[in-house]
Each structure stands twice: as C-alpha cells, then as structure tokens.
Amino acid sequence: MSSAILPAASETQSMTGAEIVLRALKEQGVEVIFGYPGGAVLPIYDAIFQQNAIRHILVRHEQAAVHAAEGYARSTGKVGCVLVTSGPGATNAVTGLVDALLDSIPIVCLTGQVPTHLIGNDAFQEADTTGITRPATKHNYLVKQMDRLASTVHEAFYVARSGRPGPVVIDLPKDILIGKGQYSPPPSQEHRSYRPQTEPDAGQIRKAVRLLKEARRPVVYAGGGVINAGPEASALLTKFVRMAGLPCTNTLMGLGAYPSSDPQFLGMLGMHGTYEANMAMHGSDVMFNIGARFDDRVTGRLNAFAPNSVKIHADIDPSSINKNVKVEVPIVGDAAAVLRALIAAWEEDGAGQDRPALAAWWRQIDEWRGRSCLHYVQEGRIIKPQHAVKRLYELTQESGRETFITTEVGQHQMWAAQYFGFEKPNRWMTSGGLGTMGYGLPAAMGVQVAHPDALVIDIAGEASILMNIQEMSTLAQYRLPVKVFILNNQYMGMVRQWQELLHGGRYSESYSEALPDFVKLAESFHGVGMRAETADDLDRVIREMIAIDRPVIVDVAVDEKENVFPMIPSGAAHNEMLLAPGQIAAGSGVTDEGTALV
Amino acid sequence: MPDASDNSFRAATIAVLVENESGVLARVIGLFSGRGYNIDSLTVAPVDADGKLSRITVVTSGTEMVIEQIKAQLDRLVPVHKVADLTLEGPHVSRELALIKVAGSGSGRQEALRLADAFRARVVDATTESFVFEMTGSGEKLDAFIALMRPVGLVEVSRTGVVSIARGAKGL
Ligand SMILES: Cc1cc2nc3c(=O)[nH]c(=O)nc-3n(C[C@H](O)[C@H](O)[C@H](O)COP(=O)(O)OP(=O)(O)OC[C@H]3O[C@@H](n4cnc5c(N)ncnc54)[C@H](O)[C@@H]3O)c2cc1C
Ligand SMILES: Cc1ncc(C[n+]2csc(CCOP(=O)(O)OP(=O)(O)O)c2C)c(N)n1
Ligand SMILES: [Mg+2]
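One line per chain: the protein sequences are A and B, in this order.
When the count follows full-length UniProt numbering, it moves up by one through the first sequence with no breaks and lands on 598 for the last residue.
When the count follows full-length UniProt numbering, it moves up by one through the second sequence with no breaks and lands on 172 for the last residue.
Among the hints, a few may not be true.
[Unchecked claim] Ranges of calculated distance between the beta carbons of each label pair, as one might list FRET restraints: (1) B:89 to A:304: 41 to 49 Å; (2) A:324 to B:138: 30 to 38 Å; (3) A:402 to B:48: 35 to 43 Å; (4) B:110 to A:118: 52 to 60 Å; (5) A:324 to B:11: 22 to 30 Å; (6) B:39 to A:307: 32 to 40 Å; (7) A:506 to B:166: 54 to 62 Å; (8) A:452 to B:11: 53 to 61 Å; (9) A:151 to B:50: 16 to 24 Å; (10) B:91 to A:231: 27 to 35 Å; (11) B:39 to A:151: 47 to 55 Å; (12) B:91 to A:118: 35 to 43 Å; (13) A:118 to B:48: 29 to 37 Å.
[As the list claims (entries may be wrong)] Non-contacting residues of chain B with respect to chain A, defined by C-beta distances greater than 12 Å in every case (computed): (14) 8; (15) 105; (16) 107; (17) 125; (18) 153; (19) 165.
In short, the hints are calculated from the structure, not lab data.
In this text, all values refer to a predicted model and were calculated from it rather than measured experimentally.
The beta-carbon is built from N, C-alpha and C at its ideal position, and this holds for glycine as well.
Generate coordinates for the entire structure from the input sequences, incorporating the hints supplied.
So, in structure tokens, the structure goes:
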C-alpha cells in the first residue's frame with residue numbers, strides 16, 4: 001500500500017489531503033513525527049498507518065510532543081515535526097510553541113481543525129488555533145483550499161528553518177484532509193515576500209575588523225545564533241577567536257559554540273555567569289556579539305551594561321539589533337557567513353593588533369579568574385548539587401560515550417550550565433527564553449530518538465520533573481534509554497533562592513511537599529530507579545546509571561540550602577555580582593526597581 | 001542612519017506592503033498590541049490590479065529606537081513585502097477622509113454650510129434637519145473642522161484614518 005501514499009514524483013493521480021501532507025513531509029526530509037491522535041487528524045493517522053517512511057512517536061501529552069521535537073531539532077539541526085489534533089490538542093501544544101519561538105528552534109506543528117464549513121460555529125473540539133498561535137509562532141497557516149495544501153507544507157518548512165528559525169503551525173481542517181487533490185513539489189522560485197539576508201555587508205565587516213584589531217580590551221559574546229547557524233559556525237567561531245587571541249564567553253543558549261575546555265573560554269556570562277565573563281564584558285572596549293540577543297538575563301541593568309565598549313552585533317534577525325542595547329556596528333547575516341567574511345577580512349587587513357594591551361587585558365582576566373567564582377566545598381555526607389553535576393560530567397567523559405544534556409528549569413539548570421562542559425555544539429538543550437519547567441524530559445526523548453546510541457541525560461529538579469513525568473511511559477514504549485538525573489533539594493530551589501534574597505526568607509509555597517518515591521515511580525514506568533543519599537553513593541550510582549541501557553531515574557538528595565552563585569541580582573550591573581552567600585545577608589544590592597523585575 | 005541614542009519621541013508614518021491574505025491585518029495589529037507600540041491611525045486596502053497586495057499605512061510614535069524596532073518587527077512578518085518610513089524618507093503627502101453628520105435648524109444650518117464651504121467640505125447628504133459633509137485633508141484640518149461643528153450640532157463622525165504616499169516619481 002505504501003506506494004499509494006508516497007507515489008513517485010511523476011505520478012499525477014489525485015491523492016487525499018492526508019496523503020499529500022505525508023508526501024510533502026517526506027520530501028522535506030522528515031523522518032519522525034512526535035504526535036498524539038484525535039478526531040480531526042484521524043485521516044493523517046490513517047495515512048501514517050499505511051506507510052513506513054516516516055516514524056511516529058506517540059507522546060503522552062501534546063506539550064511534550066513539541067519539546068521532543070525541539071530536542072530532536074536542536075540536537076540534529078533539522079526541523080522538528082509535530083502532529084496534534086484540534087482544540088485541546090492544539091492548545092496543549094501552545095507552551096511548546098512559545099518555548100520554540102523564544103529559543104529560535106525550527107518546528108513545524110500540524111494541527112487538526114474542524115471541517116471548513118463548521119469553522120466559527122463552536123463545533124466540537126474547535127479552537128481558533130491560528131488566532132491562539134499567532135503570537136506563539138513565527139508564522140501560521142490555515143489551509144482552506146486543497147490546491148494550497150502541498151505548497152503550504154513546503155513553505156512552512158522553509159519559513160521554520162530559514163532566517164531566524166522558529167515554530168510554524170499549519171492548521172488542517174478535516175475536509176481538506178479527506179478531500180482529493182494533487183500533490184505539488186517544493187517550489188523552485190524564491191518566496192514572494194520572505195527572504196532573510198544571510199550574507200553580511202562587506203563594509204560593515206571591514207569596520208568590525210578595524211575595531212577588533214585596534215581593541216585593547218576586546219571580548220567575544222557568542223549566543224544561540226551560532227548554534228542555529230550549524231556546526232560550521234561553531235568551528236569558524238573557534239578558529240576566529242583563536243587566531244585573534246580574544247577572550248570568548250557564551251550565553252546559556254550558546255554553550256557548546258566555543259569549546260569549554262579552551263583557555264580562551266571565560267565560561268557563561270549573565271545573571272549566573274562567571275565573574276571573569278561578566279567583568280570582561282563590563283570592562284571591554286570592543287564587544288563582538290555574534291548570534292546573541294542582549295537578553296535581560298545577560299545585560300543586567302541596561303544603563304550600566306558594558307558602558308565603555310564599542311559594540312559590534314551580528315545577527316540574522318534585524319529586529320534583534322538595537323532592540324535592548326544600542327550598537328555602533330550592526331551586521332545582518334548568518335553567523336557562519338559573518339565569521340567566514342570576518343576571517344577573510346581579518347587576514348586581508350595588513351594591520352597588527354595591540355599586543356601589549358592584549359597581554360595586559362589577559363593578565364587582568366586571569367586575575368578575575370583567580371577569584372575562582374565557581375569554587376565550592378564538598379565535605380561530609382551531604383551532596384553538594386555542584387559536585388553532583390561535576391561528577392556527572394567527569395564520569396560521562398570517562399565513559400567515552402557521546403553525551404547530550406537536557407535540563408528542566410531552576411537551580412539545577414544553572415548548575416548544569418556552570419559545571420558541565422560542552423566541547424561541541426548541539427549537545428546542550430535547555431529552555432532559555434521561556435524557562436519552561438517540564439521541558440527537559442520530553443526534549444531528552446527527542447534527542448534520544450535522533451541519537452539512539454548516545455547517552456542522553458536530563459538534569460532535573462524534583463519539582464520540574466513532575467510537569468511532564470508522563471513521558472516515562474513513552475520512553476518505555478520506544479525503548480529510549482533516557483537518564484533522568486534529579487538534583488532533589490526538596491524545594492523549588494530557584495524560587496526559594498529569590499524568596500531568600502528578596503522576600504525576607506518567607507518561603508511561600510516553594511517547598512516540594514508529598515513527593516513521589518522516584519525509585520518506585522521509575523519502576524512503575526518500566527524503568528530503573530536509583531537513589532544517592534550521601535556523597536559516598538554518588539559515583540557508584542552515576543556509573544550504574546551510565547551502564548544501564550534502559551530509562552533510569554536517579555534521585556540525588558542534595559543540600560537543600562544551596563544557592564546559585566555567582567549572581568547578578570535583578571536590576572544590578574555586571575560589576576555588582578554576588579559571589580557568595582555572605583553577600584546576600586549583607587543587603588545584596590537589590591533596588592526597589594530590581595524587585596519589580598522577573 | 002537615524003541616531004539611535006535620541007530619546008525624544010517622534011511620529012512616524014509607515015507604509016507596509018503586504019500579501020492580501022486573511023490574518024495579515026491581525027498579525028500587524030497583534031504585533032503592535034503585543035509589543036506595546038502605539039497605533040495613532042491604521043488603514044488598509046488592496047492596491048494592485050489583481051488584488052494580491054494590500055497597503056497598510058500606520059501612524060505611530062516612539063523613540064528613534066522604538067520606531068526602528070517597529071519597522072524591523074514589521075519587516076520580519078512572513079507576508080510583508082516592504083516597509084517604508086515615509087516620515088524619514090523625505091517629503092510625503094498624507095490625507096484622511098471624514099464623513100461628518102451635523103443636525104440643527106435655522107441659523108445653525110447656515111453656519112454649518114458656511115464653515116463647510118470655507119473648509120471645502122462637500123455636502124453628500126441633506127435632510128431638512130441634517131447634513132452629512134465629506135471632507136478630505138490632513139488629520140489636523142479634519143480635527144479643526146470637527147471642533148467647529150461641535151457647537152453647531154455635531155451628531156457623529158466617521159474617519160478613514162490616514163493614507164500616505166511619498167512625493168515625486170519614485171514608488172515604494
Ligand atoms: C532560570 C534561568 C536563568 C538564566 N540565566 C542566564 C544567565 O545567567 N546567562 C545567560 O546567558 N542566559 C541565562 N538564561 C537564558 C536567557 O533567558 C536567554 O534565553 C539567553 O540568554 C538567550 O541566549 P542568546 O542571547 O544566545 O539568544 P537566543 O535566544 O539563542 O537567540 C539567538 C539569537 O541569534 C540570532 N540568530 C538565529 N539564527 C542565527 C544565525 N543563523 N546566524 C546569526 N544569528 C542567528 C537570533 O535572531 C537571536 O537574536 C537563563 C534562563 C533561565 C530560565
Ligand atoms: C511552567 C513553569 N512554572 C513556573 C515556573 C517558575 N519557576 C522557575 S524555577 C522553579 C522551581 C523549579 O524547582 P525544581 O524543578 O525543583 O528545580 P530547583 O530550582 O530546585 O533546582 C519555578 C517554579 C517555571 N519556570 N515554569
Ligand atoms: Mg528542587
């Protein structure tokens with residue numbers, strides 16, 4: 001039967017809408033769909049049943065389908081594909097769509113819709129999906145004509161992956177899915193109106209080279225856009241930073257764009273970034289931002305952000321430039337293209353650099369490094385969460401396995417960012433922009449689907465993990481050996497930390513009461529459960545976890561009182577970092593204005 | 001390039017050429033409300049022979065940085081072909097049309113007609129106790145005429161919002 005669903009390009013016989021959709025997906029290179037069925041999409045499910053080219057992963061909640069597709073997309077560079085039904089299927093997917101929008105992840109989400117003649121009648125499971133998802137997507141479509149179906153699917157993939165990537169919804173009324181029509185291949189001509197600029201302006205590149213060559217205190221601030229631009233961009237970034245001898249910091253979304261073990265890497269910057277990264281940003285005279293968006297988690301108080309630096313900003317989305325921070329040299333283009341042009345122009349430009357000034361700058365940076373801002377003390381039986389992540393990193397390294405990390409949202413996420421090292425892009429999946437608790441487990445599932453032999457670990461908090469815990473069932477069904485590594489501090493630790501800092505230690509509703517027994521929970525979902533109670537258990541449990549080829553939940557009991565440092569309190573400047581707990585007690589420098597910030 | 005460090009407010013008349021498809025106006029309006037930009041006026045209508053392109057004219061205001069941001073945000077919408085800041089790009093003509101209903105009798109009627117004549121408003125409907133005037137001009141001119149009609153017996157006003165076009169031979 002499969003030939004009827006996916007006929008050769010030469011065949012012109014009419015197909016059902018559902019068959020056209022599948023054919024277009026296949027032509028767009030889709031190998032796997034994360035989805036959940038329902039009345040409005042039954043025709044597509046019927047077509048899926050009758051073919052083998054595209055695999056379907058049945059999730060347990062539509063939000064998880066989108067996060068899984070995000071994990072798949074971020075770890076492969078491909079577009080993630082989602083299929084959900086109308087009404088509640090679509091509304092459940094919305095959180096995932098906004099997550100993908102804020103983190104620039106390419107997703108195509110097919111939603112079922114009631115038949116066109118019932119639209120607007122409050123029909124069963126009708127929701128105004130294009131209305132609801134308009135601000136939740138990069139773009140969306142409602143297909144009302146059969147002859148637009150195939151071209152809309154092709155266009156959706158183009159829009160999702162080109163320029164600044166993002167989620168795209170295609171709303172598919174059921175009558176279109178069961179109707180008959182003609183398939184059409186992807187168009188060969190350019191899109192009518194959407195043509196993002198990828199090649200940078202040569203004049204702007206020369207300006208950037210000039211500034212960077214003359215810089216006395218330069219810094220490179222690289223973000224998620226470098227990951228979006230593909231692994232070549234990360235390789236070019238590394239090449240450029242090394243040839244120019246510059247210090248480089250990454251955003252949370254950019255981790256892996258520059259090798260963490262490299263001596264020129266300053267670690268992550270921002271609210272929970274390293275002292276050296278933030279001080280280098282603050283003290284710089286020339287800043288080169290590539291593929292980062294001056295997020296408020298990074299800049300701190302805007303009027304005190306890197307006050308003496310001339311700023312170069314390369315981004316594929318002109319709306320990211322001059323949005324929060326005014327820059328002197330805007331460059332619109334794809335990160336890989338920009339870096340390629342920059343390297344060429346750098347080599348062409350005869351001028352040398354100010355070596356003595358750079359040497360002095362590096363001495364200054366080394367002095368900041370000397371503060372060892374990520375230092376912690378692991379003593380006694382109680383496991384420090386930082387230590388748990390550090391050992392996890394070291395033991396996964398030791399195992400020699402290709403390792404992918406996802407996270408939930410909270411303190412554990414920050415510790416993962418600080419203590420797990422990433423040498424390559426696409427190995428780190430986290431919800432940065434929306435900060436969606438419940439992201440990590442389904443994202444890990446998507447990563448594992450794409451990389452069946454890799455070690456995929458969700459570094460989780462005991463509160464976040466409960467938000468999409470149902471996906472343990474999906475892991476069991478598809479034998480996806482994802483590892484959930486819970487830093488269990490019995491609190492919504494990130495909330496507790498803010499309450500300690502800003503609300504007089506009144507821990508309102510942030511205690512994790514009545515938690516499940518995570519070991520039994522793992523077992524009931526056909527996985528393996530383990531617990532590390534004391535520091536002595538830790539290595540053994542991690543080693544066992546790595547060795548087991550099944551889904552595992554590891555419940556690591558960590559110090560309940562630990563906070564994430566360094567920290568730039570809301571509304572403070574980069575040079576007003578808190579480095580240790582003592583400073584919280586000492587008044588902490590949070591202004592009233594800062595208290596209003598998120 | 002405009003000076004992004006300028007923190008004073010300015011008005012901007014922005015012309016946006018879009019695909020004439022359903023939802024495109026909702027996208028533009030949603031962009032303004034979602035991101036907290038001002039809309040002082042917004043008009044839209046198809047402008048090409050086969051009705052495939054619509055032209056939206058938005059009058060907005062903000063700091064230079066916000067206006068640059070508005071244009072960049074509009075430009076990245078998938079169905080948007082072109083965005084032009086008419087205020088920035090040189091001299092342009094702006095016009096608005098209003099229909100203005102005035103009721104009254106006796107000297108009020110005379111007064112209304114006299115003022116309409118002075119403002120070059122046309123009578124497009126008349127009864128023994130009312131007029132409907134049609135008037136085209138700048139927003140300020142319409143404001144002035146409407147203000148004068150208020151004491152005379154203004155009943156209601158319907159305005160199109162501003163449409164704009166650059167002076168000279170060049171198109172968008
Ligand atoms: C609890 C919590 C704490 C956090 N703390 C921090 C923190 O301390 N430090 C930190 O950095 N973040 C932190 N974040 C994350 C933060 O909220 C932002 O998500 C993050 O800083 C944004 O990263 P980015 O600037 O790299 O931009 P991204 O969101 O990754 O955006 C990518 C940018 O690159 C552009 N782009 C996309 N594709 C390309 C391409 N091909 N070529 C060129 N440009 C491209 C896009 O237009 C966009 O401007 C935290 C998040 C949470 C939930
Ligand atoms: C869906 C969602 N709801 C609420 C929040 C606000 N929030 C951020 S971190 C956090 C606590 C997370 O607790 P846990 O998962 O235990 O992580 P920890 O901070 O303790 O490591 C909460 C409630 C969020 N980010 N996402
Ligand atoms: Mg916790």
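Satisfaction of the hinted span 53 to 61 Å by the C-beta atoms belonging to residue 452 of chain A and residue 11 of chain B: 58 Å, holds
Residue 91 of chain B versus residue 231 of chain A beta-carbon gap, inside 27 to 35 Å or not: 50 Å, violated
Hint check for residue 304 of chain A and residue 89 of chain B - Cβ pair distance inside 41 to 49 Å: Hint violated: Cβ distance 35 Å, outside 41 to 49 Å.
Distance restraint hint 54 to 62 Å, applied to the beta-carbon atoms of residue 506 of chain A and residue 166 of chain B: 60 Å, holds
Whether the CB-CB distance between residue 151 of chain A and residue 50 of chain B falls inside 16 to 24 Å: At roughly 18 Å between Cβ atoms, residue 50 of chain B and residue 151 of chain A fall inside 16 to 24 Å, so the hint holds.
Assertion that residue 107 of chain B lies outside the chain A interface [Cβ separation over 12 Å]: 52 Å, holds
Range agreement (Cβ of residue 307 of chain A with Cβ of residue 39 of chain B, hint 32 to 40 Å): At 35 Å between Cβs, range holds.
Distance restraint hint 35 to 43 Å, applied to the beta-carbon atoms of residue 402 of chain A and residue 48 of chain B: Violated: the Cβ-Cβ distance is about 54 Å, outside 35 to 43 Å.
C-beta pair residue 324 of chain A, residue 11 of chain B: status relative to the range 22 to 30 Å that was hinted: 23 Å, holds
12 Å cut-off, C-beta based - residue 165 of chain B kept clear of every residue in chain A: 21 Å, holds
Least C-beta distance between residue 8 of chain B and chain A, which was stated to exceed 12 Å: Answer for residue 8 of chain B: holds, closest chain A Cβ roughly 15 Å.
Status of the stated non-contact between residue 153 of chain B and chain A (beta carbon gap over 12 Å): Nearest chain A Cβ is 41 Å from residue 153 of chain B, so the label holds.
Hint compliance for this structure: hints 1, 3, 10, 11, 12 are not met, and every other hint is.
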